[in-house]
Every structure is written in structure tokens, then in C-alpha cells.
Amino acid sequence: MSTPHAAAPTDDRAGRPDGPHVMTTASPKVAIILGVVTLLLAAVVAFGSQTGDTTFRLSTRRDLAQLPDVTVPANATAWVAIVLMALATAEAVRRYLARTKVPLWLPAAYGVVAMIGFLAWAAAGATLPVIGLLAGALALAVPLVFGALGGVLGERVGVVNIAIDGQLLAGAFAAALVGSLLGSAWAGLIGAMLAGALVGLVLGVFAISYFVDQVIVGVVLNVLIIGLTSFMFSQVLAPNAATLNSPPRLGPVSVPLLGEIPVIGPILFRQSVVVYLLYVAVAVVTWSLYRTRWGLRVRAVGEHPQAADTVGINVLRTRYRTLLIAGATAGAGGAFYTLVSVSQFNREMTGGAGYIALAAVIFGKWDPIRATLAALLFGFASNLQGVLSVIGSPVPSEFMLMLPYVVTVFAVAGLVGRSRPPAAVGTPYRKG
Amino acid sequence: MSRPEDQPTGAGSQGIPGPTDRTAGTSTATGQAATPPPSEDRWREAVRAITTGNGLVALLSVLLAVAIGSLLILVTDDAVRETSGYVFSRPGDFFSAAGQAISGAYGSLFRGSIYNSRGADFASQIRPLTETLKFAGPLIMAGLGVGLTFRAGMFNIGGRGQMLLAGAAAGWVGINVDLPFPLHLAAAVLAGMVAGAFWAGIAGVLKARTGAHEVIVTIMLNYVGFYLVFYALSRQSLLQAPGSINPKSLPMQDSAILPDLLGDRFNLHLGFVLALVAVAVVWWVLNRSALGFRFRAVGANPHAARTAGIDVGRTYVLAMLISGALVGLAGANQILGTATSGVTVDLDAGIGFDAITVALLGRSHPLGILGAGLLFGAFKAGGFSMQASEGIPVDIVLVIQSLIVLFIAAPPLVRAMFRLPAQEAK
Chain A
1 MSTPHAAAPT
11 DDRAGRPDGP
21 HVMTTASPKV
31 AIILGVVTLL
41 LAAVVAFGSQ
51 TGDTTFRLST
61 RRDLAQLPDV
71 TVPANATAWV
81 AIVLMALATA
91 EAVRRYLART
101 KVPLWLPAAY
111 GVVAMIGFLA
121 WAAAGATLPV
131 IGLLAGALAL
141 AVPLVFGALG
151 GVLGERVGVV
161 NIAIDGQLLA
171 GAFAAALVGS
181 LLGSAWAGLI
191 GAMLAGALVG
201 LVLGVFAISY
211 FVDQVIVGVV
221 LNVLIIGLTS
231 FMFSQVLAPN
241 AATLNSPPRL
251 GPVSVPLLGE
261 IPVIGPILFR
271 QSVVVYLLYV
281 AVAVVTWSLY
291 RTRWGLRVRA
301 VGEHPQAADT
311 VGINVLRTRY
321 RTLLIAGATA
331 GAGGAFYTLV
341 SVSQFNREMT
351 GGAGYIALAA
361 VIFGKWDPIR
371 ATLAALLFGF
381 ASNLQGVLSV
391 IGSPVPSEFM
401 LMLPYVVTVF
411 AVAGLVGRSR
421 PPAAVGTPYR
431 KG
Chain B
1 MSRPEDQPTG
11 AGSQGIPGPT
21 DRTAGTSTAT
31 GQAATPPPSE
41 DRWREAVRAI
51 TTGNGLVALL
61 SVLLAVAIGS
71 LLILVTDDAV
81 RETSGYVFSR
91 PGDFFSAAGQ
101 AISGAYGSLF
111 RGSIYNSRGA
121 DFASQIRPLT
131 ETLKFAGPLI
141 MAGLGVGLTF
151 RAGMFNIGGR
161 GQMLLAGAAA
171 GWVGINVDLP
181 FPLHLAAAVL
191 AGMVAGAFWA
201 GIAGVLKART
211 GAHEVIVTIM
221 LNYVGFYLVF
231 YALSRQSLLQ
241 APGSINPKSL
251 PMQDSAILPD
261 LLGDRFNLHL
271 GFVLALVAVA
281 VVWWVLNRSA
291 LGFRFRAVGA
301 NPHAARTAGI
311 DVGRTYVLAM
321 LISGALVGLA
331 GANQILGTAT
341 SGVTVDLDAG
351 IGFDAITVAL
361 LGRSHPLGIL
371 GAGLLFGAFK
381 AGGFSMQASE
391 GIPVDIVLVI
401 QSLIVLFIAA
411 PPLVRAMFRL
421 PAQEAK
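Top to bottom, those sequences are chains A and B. At position 130 of the first sequence the residue is numbered 130 (the UniProt record's numbering), and the sequence of numbers has no breaks. At position 377 of the second sequence the residue is numbered 377 (the UniProt record's numbering), and the sequence of numbers has no breaks.
Some hints could be false.
Some chain A residues close to chain B (C-beta under 8 angstroms, calculated; not the full set) [said to hold, decoys possible]:
1) Y210
2) V215
3) L224
4) F231
5) Q235
6) L268
7) S272
8) Y355
9) I362
10) L401
11) Y405
Chain A is nowhere near these chain B residues, computed Cβ spacing over 12 angstroms in every case [stated by the list, open to error]:
12) V87
13) G99
14) I175
15) N287
Here are some chain B residues pointing at chain A (derived, C-beta under 8 angstroms) [claimed, not checked]:
16) F155
17) V177
18) L179
19) T210
20) H213
21) V215
22) I216
23) L221
24) Y223
25) V224
26) Y227
27) F353
28) I356
29) T357
30) L403
31) A409
These are calculated hints, taken from the structure and not from any lab test. Please read all numbers here as calculations on a predicted model, not as lab measurements. Glycine included, C-beta positions come from ideal geometry on N, C-alpha and C.
Using the sequences and the hints given, assemble the complete structure.
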């Protein structure tokens, strides 16, 4: 955005979060944010000086290749990290002054260094299980990533998918019920996808065929699914828990060879089948959205349905079909709750994860890969506060938990980077 | 501003019960045209869907939702399921079991919300009605807040966070400030309204300044508010009761509690009167003040409003501030009237989200919201008695509520289901 932030044109088109904006490459935002974070960490470390060493444990007992624990002095490591962060900030400032684009690796490397410095400081005097921290973060992020993929698909075809939470919850419920009835976790997974697709279909009927406001349908559908699943849980599932609410569990499966890679193996390749399905889903959604005829049509319908219709694309059919796929994807994420995390359904067990997934969609700028990364970041933030509260840390856990939401507010306010939704999102298409 | 005489004479067949139902927002926005042109703007679509449905569709929507709810109760009822196994050999058993399940459910719903025919004396017979009014109070307040943003073309989903912050602020004043009775109460209520307005105002300012979508911002602020209040409730220096390890504050001082309206035997407190006052004030603001005219103008068409010289951004901020204050009033009502034993993170009791359905059912019209709030208040009061006496989970109320709103939002669907003629050609 070329205009300074304060003079940003106010958006008068209610309903469209963003108007078209001129995009330029040079922006002081990255430099400003890096600088602010560096100062924050410096202030935190300076005022809350820690003594002792921090140990990073890099391998688990089951690993073939045992890596030694890394022990570093807490305060010194934090200060080294702060110096490196200051250098990265300086580089960002230099690039801004030279009007060249800040490459993506700079903030990424900055983030890693900042995290190591922060962890070394926060976990002083304790041992930090790095593998457990990251693997746990991935596990927490799985439903978020599935939900975010469902959200990206829905919004890319022009339908606001606020019903992600309902799709996750319906998926979790169906997975528990079908899995218990048929005694097969795979049947549960398919049941979850069907349930998610069903919610997507209902969203479609109201939003596409009856032109009801998509945000309203989404919010109301979420409430409806909470009510339905809680009602069925108390009336049917809970009294017959042994037969109706004890689905078989999909335990972790180690991938041969890949699972033995130090550090990466235990994090990525000793997970449940659902997680492997997630890798496939991210790849397939990204590839088909950008590299197939179907994906081109989806994006065309989401950006300019009239134009798509003119060249012979059936807008309504494309929207319905994509919403069904989006619902099934989010539903599969719901299955993670009841088939992997705990093997039983509970009322409102998603705890509003669908709304975090929605945040990931926006934070990830409606791109499947970036939305996945955003969801992973949110998973990491929530697992980090869990780990830190176990080992005892000076940062109140509430503020760690708050982080994803605050970051999202900043993101939509355009402070982190202007995010532009698909042009036709939220607009029902009336032919003629 | 609502000028029914402006309507073309042919519009009499629209089936709109009376001129009061026709909100001024649509008549000023579309002028005298009975057939507004198709609009690309989804908020206008939403507002129109809310405002131009007719009473028959609303009634049928309620009936449909209740019918589906009944079906759910039947399917999950043990006696009904047993008898359905031999429905063809002895249909009488099946139908009597079904009848019992349904009449039991709605009988207890009625006894829990309107009039308890089994009460020993008049006071206990009429008590359910006062419970309904008690539950309706905050629903009406928060519903007015959400409805107001609808009229200005926005959507405030942040009721939960706003109520929590408001409850915490009102609670803090109610616990820690020493003042005589009416002043203390007023100060606590005011603190709650200011806190709610502040929390909603963030979304308004961000929308006006950066174009950030208020739906996303208010959803996110719900969570931020939750963790903020939770943090305050787990620190003795802020709100947590001294010596306690639970995330709960001390109870309110007596001087800050909303007084009971009908004496100690009933839970109904002054909050319901405040809700009625809020209805009157919002009605006046929307229909009789210049500010309300700006709200409706911006909600109907922000481009036209800007051309006419209205500061659209400022209107967004003001609408969110007033909306947050109303939702905050509901939060203060909870902590100072309904649950005075102390601030918790559950103090919103789902009202923040229920308010959306109330505003939708009431078509964002203050009087409609009053009616919708009373209906959902009755559902709430009756739902709890249904759970207690018939063992039917209170969640069925959520199902029926959300179905009502879904059907009301899609009049063509309801018309098609009942084979009603389409309203008028769009």
C-alpha cells in the first residue's frame, strides 16, 4: 500500500472488507514490526532477568539416532538472540530505504531466532522438550488446518464459510457415532466428511439458492449444530456411551525411514493417519486451486461470477460443488477430535476452533499454504502456553492464549500486510 | 419518516400487517419504489431480508421450527422408540407414547415460562412469567445493540466479549467502590456500558480507519476479552476474591444490586425495566433523531450517504459505540441483577450469541426485538423447566431458536414449503 497507514482510504462499501488498493513492494511495516518485537523482547529480558541454564532436549527415547541435549545459559542466549534480531531489523530498514522488497526469509529467520531467545529466557532452569513442543503444536493445529482449508475453498469460490466451526463439530460428532456403530475408525472418518459436507450443503442452499446473508447463515448454522450435537449427546450418546460413543482410536503410525530422521521424524512422521491425510489435503488443495482447470474456475467464480458465467462456467454448480468439498475437508478435521485426540464425543468439544481457523484463512490471505502456516502458528502458540505453564514461566498463560486473536485483529487492520479477500466473497449470484 | 401513504396503491397486496412493521429504513432507502432494484451489497440484502418479510412467514417459521424440534424429541424418546418397533401391529401404543412425549415437553415448557397450573398459590403459579421477563431483559438489551448495527449496515458478533468486559467493569465498581444505593448502582451500570462501548468501539474505529471487517474483529475480540477477564479473575490484585483459588470475584455490595421489582419471592429485578427504557430510547434514536437517520442512511447505501454529506466512518464508530453500550448494559444486568454472587467468565450465559438471533427475529426493529426477546426469554425459562421435569436437554431450545432464524431469513423457502404464492416479483 503506497499511502501511509493513517491516510488509508476508509472503506465505505459496507460488506466488502477491503477495496482495491495499489500495491507497492516497499513498505516500512516489516521493519517497524521487527523493531517493535525486538524492543519488546529486550525490555522483557532486561526487566525479568533470569538466572540458570536452559536445556533443549532434541530427541525422544525412541529415536535410533540420539542427539545430545543442548544446554545454554538462559540470559546470555536471550541477549545473543536480541542482537541478531536487531541486526535483522537493521537489514529490513536498509532494504526499505533502498526501496527493495524485504525477502520472506528475513522475517522467517527472525521469527525462529526470536522464538529460541524467548524460550531460552522463559524456560530458565528447566528442560524444554523441543520434540514434544513441536509435535504437540502440530497435533493442536490439525483441525485448524483442515478447517482453514475448508474456509479457503469456500471463500475462494465466493461464499463466506463461517460455518467451519459447525462443520468441525458435526464431523467430530459423526466420527464418534459412525465409528462406534460400525466399529471402524475409517468409517468414522468417512462419516465425518459426509457430515461436514452436509453442513456445507445446508450453507449452500441458504446462501446460494435463497440469497440469505452468508455471515448470518454461518453464525446461525454454528449455533444450530451446537444445539443439535449437544442435544443428541445428552439424549442418545451419553446414556449409551459403550455402544454409541466409543469409537476406535487412530493411533500414531511411524513412517518407515522418514520417521527416523532426527528431530523432523518424530515431529512430522510419527503421527496419526489423519495427519498424513492432512499433508495430502494441503498439497492437493493447493495444487488443484492453482494448477487445474477446476481451480481456475473456482477462482474465477469467486472473483467475478458474471465474467465466469459469460464464458460458460456454471456459477451455482461450481459454488455448490466447492462448498461440498470444503465441508468434507473441514469435517475430516472434526474427526481428529474424536478419532485421534480423545476417543469420545463431548458437547461443544471444538471450543470455537472453527473461528480460529477462520482467522487463519484471513491471516493467510486466502491462500492454502499461508493459511496452513497461520494455523500451525496458532497451534504452536496454544501448545507453547501449555508447555510453559507446566515448566513455570513468567508470562501469564492468558496472554499467550490471546496471541492468535490479537495477531488476527492486527492482520485484518492491515498493519501486518493488507489482506484482500476474493472480490465476490459474500455476494450471492443472481443470474440475469 | 415512515410514510405509508408513499407506497403505491398496488402495494396493499404485500401482506404487511401494518405500517409499523414497515420500517422507516426501507421506505427512505428505496423511496416509493415497492420493487427495489437488485443490489450487489450484501448488507442491504440482509437488512431487506430482515425488514420486508411478513408476519405470516414469521409465524410459519416458528411453527416449522417447533415441528422439527418436536420430531427430534420424538425420535430420541425411549418410549416412542420402543413402541415404534411394533407400530403396525399396535399403532395406538405408538401414538399415545408420541402424544405423551410431545405434550409432556411442551406442557412443561409452558409451565416453566408462562403459568404454572400446578403451583400451590397464585404467586408460585405466576412465578414462571416473571422468570421469562427476567431472562428476556438482557436478551432485549443485547438484541437492541446487535439490531442497531444491522440498521447501520454492520454486524456485531462480539456480544460475548462486550458482555464479559462490561460485567467485569460493572462488577469491579460493584465490589470496590463505596457509594450510597442509587449512586452506586448507577455508577456500576455506567461502568459496564462504557466498557462494552469501548470494546465494540475498537471494531468500529478499525472499520472506519482501515476497513477491517467488523465481523472478524468482533469475533477475535470475543476471545481476547475472555482471556483478559479470565486473567483479571485469576489475580487477587485485580478481581479475584481474596484467599480464593477459583476464577471468581467477591459478590456485589448490596448498594450496587438492581432491586427486585415484585419482592423477595420473585427473581425479577429492575433490569427488565431498564430493557423497556432501552427499547424506547433506541426506537426514538432510530426513528426520530438525526443520528438514527444517519445510521439508516449509511446502512441503506453508504455511497449515497457519503454523497449526501454524511461522515460514514464516524457513523460506523458511533453505531458500534452505542451498540456496545447496549450489550454492555446486558452484561451489567447479569452481574448486578441475575448473578450477583460474583464475576465469572460464564456471566454472558450465551446471551451474546442469542442476541443475534433475537435481532434477526425482531427484524432489527426495537418493538420486534422486544417481542423476540420475550419469546426467547420464554424459551429459556421453559427450557430449564423442561430439562428438570422431562429430562429433555435444554439444548433443544438452541435448535428451535436457530431454525426459526434460518427460516425467517429465507422467506422463499418457507413459501415454497407451504406452497404460498411468491410475494412480489423482485
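Checked hints:
{"no.": "1", "hint": "Y210", "result": "holds, 4 angstroms"}
{"no.": "2", "hint": "V215", "result": "holds, 6 angstroms"}
{"no.": "3", "hint": "L224", "result": "holds, 4 angstroms"}
{"no.": "4", "hint": "F231", "result": "holds, 4 angstroms"}
{"no.": "5", "hint": "Q235", "result": "holds, 4 angstroms"}
{"no.": "6", "hint": "L268", "result": "violated, 29 angstroms"}
{"no.": "7", "hint": "S272", "result": "violated, 27 angstroms"}
{"no.": "8", "hint": "Y355", "result": "holds, 5 angstroms"}
{"no.": "9", "hint": "I362", "result": "holds, 6 angstroms"}
{"no.": "10", "hint": "L401", "result": "holds, 5 angstroms"}
{"no.": "11", "hint": "Y405", "result": "holds, 4 angstroms"}
{"no.": "12", "hint": "V87", "result": "holds, 20 angstroms"}
{"no.": "13", "hint": "G99", "result": "holds, 19 angstroms"}
{"no.": "14", "hint": "I175", "result": "holds, 21 angstroms"}
{"no.": "15", "hint": "N287", "result": "holds, 21 angstroms"}
{"no.": "16", "hint": "F155", "result": "holds, 6 angstroms"}
{"no.": "17", "hint": "V177", "result": "violated, 25 angstroms"}
{"no.": "18", "hint": "L179", "result": "violated, 31 angstroms"}
{"no.": "19", "hint": "T210", "result": "holds, 5 angstroms"}
{"no.": "20", "hint": "H213", "result": "holds, 4 angstroms"}
{"no.": "21", "hint": "V215", "result": "holds, 6 angstroms"}
{"no.": "22", "hint": "I216", "result": "holds, 5 angstroms"}
{"no.": "23", "hint": "L221", "result": "holds, 7 angstroms"}
{"no.": "24", "hint": "Y223", "result": "holds, 4 angstroms"}
{"no.": "25", "hint": "V224", "result": "holds, 5 angstroms"}
{"no.": "26", "hint": "Y227", "result": "holds, 4 angstroms"}
{"no.": "27", "hint": "F353", "result": "holds, 6 angstroms"}
{"no.": "28", "hint": "I356", "result": "holds, 6 angstroms"}
{"no.": "29", "hint": "T357", "result": "holds, 7 angstroms"}
{"no.": "30", "hint": "L403", "result": "holds, 7 angstroms"}
{"no.": "31", "hint": "A409", "result": "holds, 4 angstroms"}
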